[in-house]
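**Q** Starting from the given sequences, assemble the full structure and let the hints guide the process.
Take a look at the letters that make up each chain.
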Amino acid sequence: MGKKLIELREITRIEGHLNLDIILMDGEVAIRAAAREGTRILEKALIGREYWEVPEIVSRMCGVCSVIHKVTAVMAVEKAMNIEPPIKARLIRELIVIGGHIQSHLLHLFYFVLPDLLGVNSIIDNIMRNIDTIKTVMRVKKWANSIVERLGGRAIHPITPIPGGLSKDPMRESLVRILDESREIKELAIGLVRKLLEMEWPNELKEKNFVSLKESGEIPLLTGYIKVGGKIVSPENYLEEIVYIPEKYSTAPHFLLRSGESFMVGALARLNNNAQYLNGVAKELCKEYGIKYPMYSPFANNVSQALEIIYFIEKAEEIIKELIEMKTSEYCVEVVKRKGEGVAITEAPRGLLVHSYKINDEGKVLSANIITPTAQNLKNIEENAKKLVKKMLDEGSEINEIRKGVEALVRSYDPCISCAARFQKA
Amino acid sequence: MKRRMRIGLYSLSSCEGCIVEILNMEDKLLEILKHVEIVDCRLLGITGEGNIDIAFVEGFISSNDEEEKIREIRKKARVLVAMGDCACSGGRFLIKDFGEASGIRADPIDKIIKVDYYLWGCPVNSEEFLILLRDIIQDKKPREISKTVCSECIFFEKECLLDKGILCLGPITRGGCNALCLVNNRACFGCRGLSEDANIGGFIKILKEKGIEVPDYLKKLSKVMKLGEKTH
Chain A
945 MGKKLIELRE ITRIEGHLNL DIILMDGEVA IRAAAREGTR ILEKALIGRE
995 YWEVPEIVSR MCGVCSVIHK VTAVMAVEKA MNIEPPIKAR LIRELIVIGG
1045 HIQSHLLHLF YFVLPDLLGV NSIIDNIMRN IDTIKTVMRV KKWANSIVER
1095 LGGRAIHPIT PIPGGLSKDP MRESLVRILD ESREIKELAI GLVRKLLEME
1145 WPNELKEKNF VSLKESGEIP LLTGYIKVGG KIVSPENYLE EIVYIPEKYS
1195 TAPHFLLRSG ESFMVGALAR LNNNAQYLNG VAKELCKEYG IKYPMYSPFA
1245 NNVSQALEII YFIEKAEEII KELIEMKTSE YCVEVVKRKG EGVAITEAPR
1295 GLLVHSYKIN DEGKVLSANI ITPTAQNLKN IEENAKKLVK KMLDEGSEIN
1345 EIRKGVEALV RSYDPCISCA ARFQKA
Chain B
909 MKRRMRIGLY SLSSCEGCIV EILNMEDKLL EILKHVEIVD CRLLGITGEG
959 NIDIAFVEGF ISSNDEEEKI REIRKKARVL VAMGDCACSG GRFLIKDFGE
1009 ASGIRADPID KIIKVDYYLW GCPVNSEEFL ILLRDIIQDK KPREISKTVC
1059 SECIFFEKEC LLDKGILCLG PITRGGCNAL CLVNNRACFG CRGLSEDANI
1109 GGFIKILKEK GIEVPDYLKK LSKVMKLGEK TH
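Order-wise, the sequence lines are chains A and B. Following the working numbering, the numbering of the first sequence begins with 945 at its first residue and continues without gaps. Following the working numbering, the numbering of the second sequence begins with 909 at its first residue and continues without gaps.
Heads up, some of the hints might be wrong.
[Claimed, not checked] Only pairs whose alpha carbons sit at most 35 Å apart, straight line, appear in this in silico DSBU-like list of lysine-lysine:
no. : chain 1 : residue 1 : chain 2 : residue 2
1   : A       : Lys1335   : A       : Lys1348
2   : B       : Lys984    : A       : Lys1086
3   : B       : Lys1072   : A       : Lys1192
4   : B       : Lys1128   : A       : Lys1086
5   : A       : Lys1112   : B       : Lys936
6   : B       : Lys983    : A       : Lys1308
7   : B       : Lys977    : A       : Lys947
8   : B       : Lys1072   : B       : Lys936
9   : B       : Lys1072   : A       : Lys1032
10  : B       : Lys1048   : A       : Lys1308
11  : A       : Lys1236   : A       : Lys1308
12  : B       : Lys1048   : A       : Lys948
[Said to hold, decoys possible] Partial list, derived from the structure: chain B residues whose beta carbon lies under 10 Å from chain A:
no. : residue
13  : Ser921
14  : Val928
15  : Asn932
16  : Leu938
17  : Lys1055
18  : Cys1058
19  : Gly1073
20  : Val1091
21  : Asn1093
22  : Cys1099
23  : Asn1107
24  : Ile1108
25  : Phe1111
Don't read these hints as lab results, they were simulated from the structure. These figures come from a predicted structure and were not determined experimentally. Positions of the beta carbon are idealized from the N, C-alpha and C atoms, including for glycine.
**A** Here you go:
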């Protein structure tokens, strides 16, 4: 057992509770990123429950990304029971997922990351100094949440997505209002994103393996194949490509690629793997600021989140226009109970998310497996933290500087520990 | 000007959705900050010292560390509010048999410390949060909700789901949500805990009469009936 150099306890400005130990052992640096969330073994609580209860319960895994958990669970249950939801329901779900993603990215970039760039502890502590920015963030975030609220019934743990489609027909007026407001919101959001793109982002660390959904024509959120380790695999085969690494010190599962290497999921992986489909204003901003994909620094994940905000707003506008033109009014199909197994892989704000369920012929859950983006990123966080600490020690940095540097690095991945910590006893 | 109240936002084992709901108030949050000062909130990067006027706590207790943490919070807080189903009941009303099925600890915070007020729901409703905060600041006795979800649902003139043979927990669940799930054509899932006068035996009888399958958790819920009585 080596000497603990730094103990980071409950790192602030991330979702959930994460401790990180930096240990010196025979001159070598070792890192342990330990989720300290009490175990929330939701999968076990699902066994024997009705198929329709699954999305209700698993949505509670995370308050920041509840929308994507709910929709992914609905999709996996539909796959298991061979249900084909109507196109209108699929588009509305994508819209509310986009609303959730914009909200999550804004929260992360402006409440969690921006203080690091400004050299302050909290945006609230310095709220008067940044009041205009914060007011604008709030306006855009409110609009994003209003998409989920108007179409999903509630901004956190939305109500309307159900196996078969939606519980309620989305009102045309709601769609028209969201679209009307989007013009002004987009301009405000572009202003915010420019602020971030003008910032000085650290650039010394390098990521290697980027895993995300891949589909031609768009940056996919809910459909497509998975690009992993130089291969393109179907959702059903993805779990063969990664290996579960149990770590006694953490309540979250950790994962590596089959090759033994760590990998990154998230906005940077999405854009590196699908950069050619970045369009509209987001593409123009790339040109203007000299941003070229692929990028390799973990901090480029934050730049990618910023660009995605604009991409998502324009995507939302596109979907709403399609919905307003749509002739069909069907928003839900009848569910016939049948047994089966279904896996759905989507892009959560923080990256690739896997939900898989086995259901019996009475429509009750036999087994459940959920793999979150943060769980997949943890090994990568440890590896890059190790490189950063080594470098800073070589440069003779003070302990306090190292502490701040590592915390900022951890935040760049936008970890969500509530999601990740569910498997083992603390 | 009156001294701003010092508040803390804390989270134990939870999804942090209740704190996110508070942050989602956006411009109203800016108004609130004129009257209160957030002096402790890990999510926002504020880690203050000293006593606080009101502690808002989300999440349940799943470890000795968290038990220690809630005791510390109680010591320094003048008023302590349990936020959301996890803190109020250990997540029992939302998850139904959470804890028993997985064999892990999921204690409501009032098992360890005294709770002054409860904000129910999953997540909490920011309007209710605002009203409670205002009442505490103005030293008023906070209002209590004793009605059921059913008593709010009828105002929307929705056809009763039980009559259609669909399981709905509205008759035994504490209201205050304005029947949000029913308004969205969903059955009540019971996230706000049992109402003051919940009659689970009677409810089971009605389900049987209507030919609705009685879920196992209903019998277990009757054992935590006490929780529903604490808030009034």
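**Q** With reference to the structure, classify each hint as holding or not holding.
**A** For each hint, the structure was consulted:
1. Of the pairs offered as hints, the one joining A:Lys1335 and A:Lys1348 holds, with about 14 Å between alpha carbons and a cut-off of 35 Å not exceeded.
2. Under the criterion of a C-alpha separation no larger than 35 Å, the hint pairing B:Lys984 with A:Lys1086 is consistent with the structure, at around 34 Å.
3. Annotation: proposed proximity of B:Lys1072 to A:Lys1192 is violated, straight-line Cα distance about 50 Å (limit 35 Å).
4. Under the criterion of a C-alpha separation no larger than 35 Å, the hint pairing B:Lys1128 with A:Lys1086 is inconsistent with the structure, at around 39 Å.
5. About 29 Å separates the Cα atoms of A:Lys1112 and B:Lys936, which keeps this hinted pair within 35 Å; it holds.
6. As the CA atoms of B:Lys983 and A:Lys1308 are separated by approximately 45 Å, the hinted pair breaks the 35 Å bound.
7. With a C-alpha separation of about 27 Å, the suggested pairing of B:Lys977 with A:Lys947 holds against the 35 Å cut-off.
8. Distance restraint check for B:Lys1072 and B:Lys936: the Cα-Cα separation of roughly 40 Å exceeds the 35 Å cut-off, and the hinted pair is therefore not satisfied.
9. Between B:Lys1072 and A:Lys1032, the direct Cα distance comes to roughly 26 Å. Compliance with the 35 Å bound is thereby established for this hinted pair.
10. With a C-alpha separation of about 48 Å, the suggested pairing of B:Lys1048 with A:Lys1308 is violated against the 35 Å cut-off.
11. Simply put, A:Lys1236 and A:Lys1308 have alpha-carbon atoms about 48 Å apart, too far for the 35 Å limit, and the pair is violated.
12. For the proposed pair B:Lys1048 and A:Lys948, the alpha carbon gap of about 50 Å is over 35 Å, so the pair is violated.
13. Contact between B:Ser921 and chain A, as hinted, is supported at the beta carbon level, the nearest pair being about 3 Å apart and thus within 10 Å.
14. Hint status for B:Val928 relative to chain A: holds, with the closest Cβ pair at about 4 Å, below 10 Å.
15. Look at B:Asn932: its Cβ gets to within about 6 Å of chain A, closer than 10 Å, so that hint holds up.
16. For B:Leu938, the suggested interface contact is upheld, since its CB lies about 7 Å from the closest CB of chain A, less than 10 Å.
17. The restraint placing B:Lys1055 at the interface with chain A is violated, with a minimum CB-CB distance near 20 Å, outside the 10 Å limit.
18. For B:Cys1058, the suggested interface contact is broken, since its CB lies about 18 Å from the closest CB of chain A, more than 10 Å.
19. Here the hint on B:Gly1073 is broken, as its CB sits about 14 Å from the closest CB of chain A, past 10 Å.
20. A hinted interface residue such as B:Val1091 counts as satisfied when its beta carbon comes closer than 10 Å to some beta carbon of chain A; here the least separation is about 7 Å, so the hint holds.
21. With a least beta-carbon distance of about 4 Å to chain A, the hint placing B:Asn1093 at the interface is held under the 10 Å criterion.
22. Given the 10 Å rule on beta carbons, the hint for B:Cys1099 holds: about 9 Å separates it from the nearest Cβ of chain A.
23. Interface hint at B:Asn1107: violated, since its Cβ lies 24 Å from the closest Cβ of chain A, which is beyond the 10 Å cut-off.
24. This hint is violated: B:Ile1108 has a C-beta 19 Å from the nearest C-beta of chain A, more than the 10 Å allowed.
25. Contact between B:Phe1111 and chain A, as hinted, is not supported at the beta carbon level, the nearest pair being about 18 Å apart and thus beyond 10 Å.
Checked against the numbered hints given earlier, the structure breaks hints 3, 4, 6, 8, 10, 11, 12, 17, 18, 19, 23, 24 and 25 and satisfies all the rest.
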